[in-house]
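**Q** Here's the letter readout for the chains.
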Amino acid sequence: ETGVTQTPRHLVMGMTNKKSLKCEQHLGHNAMYWYKQSAKKPLELMFVYNFKEQTENNSVPSRFSPECPNSSHLFLHLHTLQPEDSALYLCASSQDKGGGRRGYTFGSGTRLTVV
Amino acid sequence: DAKTTQPPSMDCAEGRAANLPCNHSTISGNEYVYWYRQIHSQGPQYIIHGLKNNETNEMASLIITEDRKSSTLILPHATLRDTAVYYCIAITGTASKLTFGTGTRLQVTL
Chain A
28 ETGVTQTPRH LVMGMTNKKS LKCEQHLGHN AMYWYKQSAK KPLELMFVYN
78 FKEQTENNSV PSRFSPECPN SSHLFLHLHT LQPEDSALYL CASSQDKGGG
128 RRGYTFGSGT RLTVV
Chain B
11 DAKTTQPPSM DCAEGRAANL PCNHSTISGN EYVYWYRQIH SQGPQYIIHG
61 LKNNETNEMA SLIITEDRKS STLILPHATL RDTAVYYCIA ITGTASKLTF
111 GTGTRLQVTL
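Those protein sequence lines, which keep their order, are chains A and B.
Numbered by my numbering, the letters in the first sequence go through residues 28 to 142 in order.
Numbered by my numbering, the letters in the second sequence go through residues 11 to 120 in order.
If you're looking for bench data, these hints aren't it; they were derived computationally from the structure.
Treat the hints with care, as some may be off.
[Stated by the list, open to error] With a Cα cut of at most 20 angstroms, we get these calculated EDC-like pairs of lysine to aspartate or glutamate:
#1 LYS79(B) with ASP11(B)
#2 LYS107(B) with ASP123(A)
#3 LYS107(B) with GLU111(A)
#4 LYS62(B) with ASP77(B)
#5 LYS107(B) with GLU28(A)
#6 LYS45(A) with GLU80(A)
#7 LYS79(A) with ASP123(A)
#8 LYS46(A) with ASP123(A)
#9 LYS107(B) with GLU94(A)
#10 LYS107(B) with GLU83(A)
#11 LYS68(A) with ASP123(A)
#12 LYS13(B) with GLU71(A)
#13 LYS13(B) with GLU76(B)
Bound-form chain A, shown alone (with noise of 0.2 angstroms):
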């Protein structure tokens, strides 16, 4: 157990369907990201939330929605996915938007299949 975990660790779901991925960290980070890892590629930076306010969009297409209510949250809404969009989604954190001494902070993902 990181301290970050991820809800579902998996999930199928049609291209019609709309679902989404929970994060939640209870480390007292400021910082929180969403990964995406598909098959044989490295980690993509999708989101970066910096005390709640999005500080940057990796060019995600909208059918990817962030949400952050707070510090120690993060959703990714999902809707109308693409089975190209199949991988595995990683939450992670730090303790601000440098790392901080630990680096960041990891959960185990969401491993989504989009039939």
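Got chain A; can you put chain B on it based on the hints?
**A** Okay, now just chain B, sitting in the frame of chain A:
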């Protein structure tokens, strides 16, 4: 952030030291060297980081050359559970994002 170069794969016998190299020849003075690892289908795990001096913690040691153009992560007694992809990343302390490359796939064998 400076580009880092790592070998795509390495093997190590269990119980032996695993020495993972990383080149970061364009690293700037305010960039730290961070190491993470990712065990299959899990999130990356922070291992260690350093700026100029060698560092050691309960997981590993980090040796940074005097010119800071390269570094080596040392796992002193590798076990099968150390089989993972290891990422070396050069990043400033105030950077807003951690960017991963392809890393080194370390296979620890009996």
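**Q** Hint by hint, note whether the structure agrees.
**A** Hint check results:
At most 20 angstroms may separate the alpha-carbon atoms for a hinted pair to count; LYS79(B) and ASP11(B) meet this at roughly 14 angstroms. This hinted pair checks out: LYS107(B) and ASP123(A) have alpha carbons roughly 11 angstroms apart, not beyond 20 angstroms. Annotation: proposed proximity of LYS107(B) to GLU111(A) is violated, straight-line Cα distance about 24 angstroms (limit 20 angstroms). Between the alpha carbons of LYS62(B) and ASP77(B) the distance comes to roughly 9 angstroms, so the proposed pair stays at or under 20 angstroms and holds.
For the hint linking LYS107(B) to GLU28(A), the alpha-carbon distance of about 23 angstroms lies beyond 20 angstroms, and the restraint is violated. The hinted pair formed by LYS45(A) and GLU80(A) fails the criterion: a straight-line CA distance of about 24 angstroms is larger than 20 angstroms. Using a Cα cut-off of 20 angstroms, the hinted pair LYS79(A) and ASP123(A) holds, with the two alpha carbons roughly 12 angstroms apart. For the hint linking LYS46(A) to ASP123(A), the alpha-carbon distance of about 29 angstroms lies beyond 20 angstroms, and the restraint is violated.
Using a Cα cut-off of 20 angstroms, the hinted pair LYS107(B) and GLU94(A) holds, with the two alpha carbons roughly 18 angstroms apart. Between LYS107(B) and GLU83(A) the alpha-carbon distance is near 9 angstroms, which keeps this suggested pair within the 20 angstroms criterion. A threshold of 20 angstroms between alpha carbons decides the hint, and for LYS68(A) with ASP123(A) the separation of about 27 angstroms lies outside it, so the pair is violated. Only pairs whose Cα atoms come within 20 angstroms are accepted, and LYS13(B) paired with GLU71(A) is accepted, the gap being roughly 16 angstroms.
A C-alpha spacing of about 18 angstroms is found between LYS13(B) and GLU76(B), which places the hinted pair at or below 20 angstroms, so the restraint holds.
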